Every structure is written in C-alpha cells, then in structure tokens.
Amino acid sequence: MTLASPTKKEAIWIACREKTCCYAPVVIPGGHDIWRISRSLLVQPTSFLVYFRTGQPRRDAFHLDHSGREFRLALAKGPTRRTKTAPPCVFLMKTRDGSHRCSLGDLRPAVCRTFPAEVVDGVVCVRPDAGCACRGWNLSDMDLDEEWSDLTERQSDLETYCAIVDKWNSLVADAPSGALFVFEQFCQHVLKEYDAREQSSNAGTASNGLLPPAAAEGSHAQDGR
Amino acid sequence: MSMNPPDAREDGKATPVPCITCDACCRNYVVPVSGEDIWKLSTRQRLDPSQFVVVVPEKAPRPDAFRLAEGGPLHTLALDKKGPFSIKRPCVFLIELPGSAARCGVYDDRPIVCSTYPMSMWSGVVALRRDVLCPPGGWPAGSALQPKWRTAMQRLVFQMDIYGEVVARWNARVAARPGVSFVLPEYLSYVINVYSRLNELQEAIGPEGVKGVVGTWPTFPRPALDAETVAEFAPRVPWLRYFALARGVIDEFYPYVSPLPPALRANADATAAEQPVDLVTAGLPTAPRPVSGHGPSRCTP
Numbered sequence: 001m002t003l004a005s006p007t008k009k010e011a012i013w014i015a016c017r018e019k020t021c022c023y024a025p026v027v028i029p030g031g032h033d034i035w036r037i038s039r040s041l042l043v044q045p046t047s048f049l050v051y052f053r054t055g056q057p058r059r060d061a062f063h064l065d066h067s068g069r070e071f072r073l074a075l076a077k078g079p080t081r082r083t084k085t086a087p088p089c090v091f092l093m094k095t096r097d098g099s100h101r102c103s104l105g106d107l108r109p110a111v112c113r114t115f116p117a118e119v120v121d122g123v124v125c126v127r128p129d130a131g132c133a134c135r136g137w138n139l140s141d142m143d144l145d146e147e148w149s150d151l152t153e154r155q156s157d158l159e160t161y162c163a164i165v166d167k168w169n170s171l172v173a174d175a176p177s178g179a180l181f182v183f184e185q186f187c188q189h190v191l192k193e194y195d196a197r198e199q200s201s202n203a204g205t206a207s208n209g210l211l212p213p214a215a216a217e218g219s220h221a222q223d224g225r
Numbered sequence: 001m002s003m004n005p006p007d008a009r010e011d012g013k014a015t016p017v018p019c020i021t022c023d024a025c026c027r028n029y030v031v032p033v034s035g036e037d038i039w040k041l042s043t044r045q046r047l048d049p050s051q052f053v054v055v056v057p058e059k060a061p062r063p064d065a066f067r068l069a070e071g072g073p074l075h076t077l078a079l080d081k082k083g084p085f086s087i088k089r090p091c092v093f094l095i096e097l098p099g100s101a102a103r104c105g106v107y108d109d110r111p112i113v114c115s116t117y118p119m120s121m122w123s124g125v126v127a128l129r130r131d132v133l134c135p136p137g138g139w140p141a142g143s144a145l146q147p148k149w150r151t152a153m154q155r156l157v158f159q160m161d162i163y164g165e166v167v168a169r170w171n172a173r174v175a176a177r178p179g180v181s182f183v184l185p186e187y188l189s190y191v192i193n194v195y196s197r198l199n200e201l202q203e204a205i206g207p208e209g210v211k212g213v214v215g216t217w218p219t220f221p222r223p224a225l226d227a228e229t230v231a232e233f234a235p236r237v238p239w240l241r242y243f244a245l246a247r248g249v250i251d252e253f254y255p256y257v258s259p260l261p262p263a264l265r266a267n268a269d270a271t272a273a274e275q276p277v278d279l280v281t282a283g284l285p286t287a288p289r290p291v292s293g294h295g296p297s298r299c300t301p
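If you read the sequences in order, they're chains V and Z.
So for the first sequence, the numbering used here puts the first residue at 1; every next one is plus one.
So for the second sequence, the numbering used here puts the first residue at 1; every next one is plus one.
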C-alpha cells in the first residue's frame, strides 16, 4: 500500500512537538466529530467529553432542565498531574522523548484539523491567538482552497448541530415540570440524529460515512485481521 | 482508522468480542515487535522508532535477538509504555478514556502480535491460548475457527521468519567486526532500510501474490531447510520463491558479509517417520536435513 504524502500543513502538524493547542483549556468539537469518534472507536461520547455551564444564551448551548441553565460541551482532558500546567486533551499521546501526537489521527475534530486557520469575512486568515510555541504560521503553510473547504464544512456542521440542539431543547421544554435530564441523554440524542442523517445520505453508497474517501480506502485495504 | 476494537461488526453481523469492554492485554505485557511492525508504525505514524520501541535484554538466543557487539548481550525490541517502563503499564499508544475501556491509538498499524492475541497455532490448529487475560468465557466456542485468526497467525510466522533473517544478517555483521560496539540507532536505521526495500518487493509482487505467500507459509512443525533446498525448490514453491527474493534483498546489506544459511527455525527433532504430513504435496523434500537450529520454536510472545 503506497502512503499518501502529507500536505505541507500536515507535515508541520506531525513535526510539532509542543502541541500547545492541545493544552488549550477548552477545545470544542463539532457534532459530526463527536459522532465519528464515538462510532469509530465504539466509545460513548461521555467517555471523551465534558460539559460546562455557559453564561450567555447560545445557539449551541443545550438545557438539562427547566431552570434556564445553558451548557456546552468540550473534549475531556487527560488525568491531572502534579505539574504547573493543566492536563492536555485526553487524546494527546506523549512519547518518551517528550514529543506529542494526536492519537485520533484522521479522526481528529475539524477544529483541530483547521487550526490555526479561520475565516473572517470570507477570507482565510491565521488566528492571531494561535499560541504556537515554536513557529509562526503563515498562509503559505496551507492549501487555501482546502482550508476554505474544511472551514466551510465546519460552519455547515455547526448549523446542523445547532438544529439538533434546538430539537433537544424543545424536548426538554416539553417534558413535565421538574423533569431532569443528564448529559448522557443529550449525547445519545446527538448520536441518533447523526445516525439518521448518515443513513439517509449514504443510502446506496459503499462508504460507511465515517472517514473522508481517501482515508476510508486506506483502512478498507487492510487484511481482516 | 478502521473499526476499533475488532470484529464488532464483521460481515454486518454483530460478533461478540470481549475486547469492547476489556483492555487487559494492552496493559499487562511487554509487546515484542517484528521489523515489519517497526517499519509500519514508523512510516505510517511518522515516528522515529526510538519514540516507540524499547530494548529488552534477552538471556537465551532467539531468532529476533540481536547483539550490538561481538560477544555482547542479546536484545530484542518491544513497544514502549506510558511513563516508567514496567510490564504492567499501559502501551504508549493506548488511548485511555475515563469511564470506558481503552482503545488502540494505532489500530490499523498495530504489531502483528496484537493482531493474533489471544490465539495461538500449533500443528495447524488455531486455538485460544491457555494463559490469556481475557474475561473468562469471553471467547465463545469455535471463535478460533474464524478465518481471520489463521490469516493473522500465518502473518505472524511469516513476519517473524523474515525478521529472523534480517536479524541474522545484522548479527553476522557485528560478528565480522569484533571489538566494535554498535549503537541502537544504527540497528534501527538498518531495520528501516531493509524493510523499505522489502516493502518494494511486496509492492512488486502485489497484494494477491503476498496473500498467497503468507497463506502458504509453513508453520510448525516443519522441516529445516538449507540454502540448496531453497534454491532447488524456489521456482515451484511460491513461499520459497518469496523467501529467496527476500534473502536477496537482505543480503544486499553489508556485502562484506557472506550470505548465511537460512535462519528459518524448524521443528528439528522430528524425523521423517514422525512427520504428520506428506511434504511431497507441499513441493518440499520428504526428509528434513539436520540443521543446528535454535531449538523449539515460539510463535507467541
């Protein structure tokens, strides 16, 4: 099996030892990312997500009761350690020589894949708060068309996710007074909604819809075991 | 990343496997790696081997045990662990999630011994190892009969045999330079170089060809083979032909070292009368020729 060469941005990502971004306090995956990770690794979203109370009402904030409290979710962190820095993402792997890798690889969330690019007013830019320790990013490190495509898809998934959250919040609102829901139930709702969307969009295709076509071809080329 | 853990949805049917809720084997073994494992992980994960393998001292000679100096101690290579190295620590590649069994972070590129666990094979019979850490009763009766286990076991013997040839050539090179101490990065570079060329050989043969070679690779018990037998039968026996080609690739390294007899381990004790199968149908000579082997073989870690 011939290996695809990494893109310039991927090569920089792989070469990065610090992974300062993986140590960021809050990393918020998209709904589709949660579904992909959960269905590929056969783990419940609650095993790799945390949720936190958010002050302002937001389109992506979910309710768990009728109190009006808003919650958002984020990737869980690894176990706490006796160091000054807070622990990094639960999926960050550290090798003995101190280098870091994302153990999700191709499964990593879109926010991680597009980092540090963002779209401002239709223009792909490098986030000013990237916080990279060892280098400064510039647009020539990226394929702008690919970034634009990934960022647009991320925005589109956000719309899908907000619709799913909206549906959940309606379910909560319609529940009898005093009803309480748990985070796990919200996660199950998200998974089911994406299951339904994948089933209807993948009807008749061979792909299982979990990975982009190139990666799926690679994994299906493996022997059974 | 393909479905991980394995088999949960093979052929569209849910096949119960205990792996979904168990990660004992990822936490309680020193996991040996073949040269092909190292090359695969290094190239696909884009890691230097030094970032994920450790050296394990070996007392007894083994086909995968290498020296760094003539007369010096033997070593094998194994997967690193998270944190301080100890047998009961999680694998360096293990994704540990709170509230869930852990998952493999390199599933598609995992070492061959991870693929075969918890099965073993002897005399053509694939069966569950007796000393497994899996939940009792986790593997239903007959689960060893699924073809993927035999395929994995064939790949294990194939990989370890080829790696044995790779290691033997390195050891001969070390022996040819008494008084010189080589360092581990040199050995690792040699492994990556050899397997880069072996991969080209496999690509030239094609996936179907390789599948045929691995599928017919002789497993234990088997006769010992010498260079003359290999040369004589290679044209008609596909796995022998591959062996000869692979040896051709390996022998290109360190040309000042003469080609060695095949290091292929044999069940050296079996005489012609004790052979349970008719070797003629396999295209091989009927009687094993005496060879100084390494003693009884081990297909499992």
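No lab work stands behind these hints: they were computed from the structure.
Don't take every hint at face value.
Here are the simulated distance ranges between beta carbons [to be verified]:
#1 Z:ASP48 x V:ARG135: 14 to 24 Å
#2 V:ARG69 x Z:ASP48: 40 to 50 Å
#3 Z:ARG46 x V:GLN155: 44 to 54 Å
#4 Z:GLU232 x V:ASP143: 24 to 34 Å
#5 Z:GLY72 x V:ALA11: 52 to 62 Å
#6 Z:GLU200 x V:ASP195: 52 to 62 Å
#7 V:ALA133 x Z:GLY124: 37 to 47 Å
#8 Z:PRO136 x V:GLN155: 31 to 41 Å
#9 V:ILE14 x Z:THR21: 31 to 41 Å
#10 Z:ALA24 x V:ARG17: 54 to 64 Å
#11 V:PRO79 x Z:THR21: 51 to 61 Å
#12 Z:LYS148 x V:LEU180: 41 to 51 Å
#13 V:GLY131 x Z:ARG46: 42 to 52 Å
#14 Z:ASP48 x V:LYS8: 54 to 64 Å
The structure presented is a predicted model; accordingly, all values stated were derived computationally and were not measured.
Beta carbons: idealized from backbone N, C-alpha and C, even for Gly.
Hint-by-hint comparison with the structure:
| no. | hint | verdict |
| --- | --- | --- |
| 1 | Z:ASP48 x V:ARG135: 14 to 24 Å | 20 Å, holds |
| 2 | V:ARG69 x Z:ASP48: 40 to 50 Å | 48 Å, holds |
| 3 | Z:ARG46 x V:GLN155: 44 to 54 Å | 30 Å, violated |
| 4 | Z:GLU232 x V:ASP143: 24 to 34 Å | 55 Å, violated |
| 5 | Z:GLY72 x V:ALA11: 52 to 62 Å | 38 Å, violated |
| 6 | Z:GLU200 x V:ASP195: 52 to 62 Å | 42 Å, violated |
| 7 | V:ALA133 x Z:GLY124: 37 to 47 Å | 56 Å, violated |
| 8 | Z:PRO136 x V:GLN155: 31 to 41 Å | 50 Å, violated |
| 9 | V:ILE14 x Z:THR21: 31 to 41 Å | 32 Å, holds |
| 10 | Z:ALA24 x V:ARG17: 54 to 64 Å | 32 Å, violated |
| 11 | V:PRO79 x Z:THR21: 51 to 61 Å | 20 Å, violated |
| 12 | Z:LYS148 x V:LEU180: 41 to 51 Å | 45 Å, holds |
| 13 | V:GLY131 x Z:ARG46: 42 to 52 Å | 23 Å, violated |
| 14 | Z:ASP48 x V:LYS8: 54 to 64 Å | 20 Å, violated |
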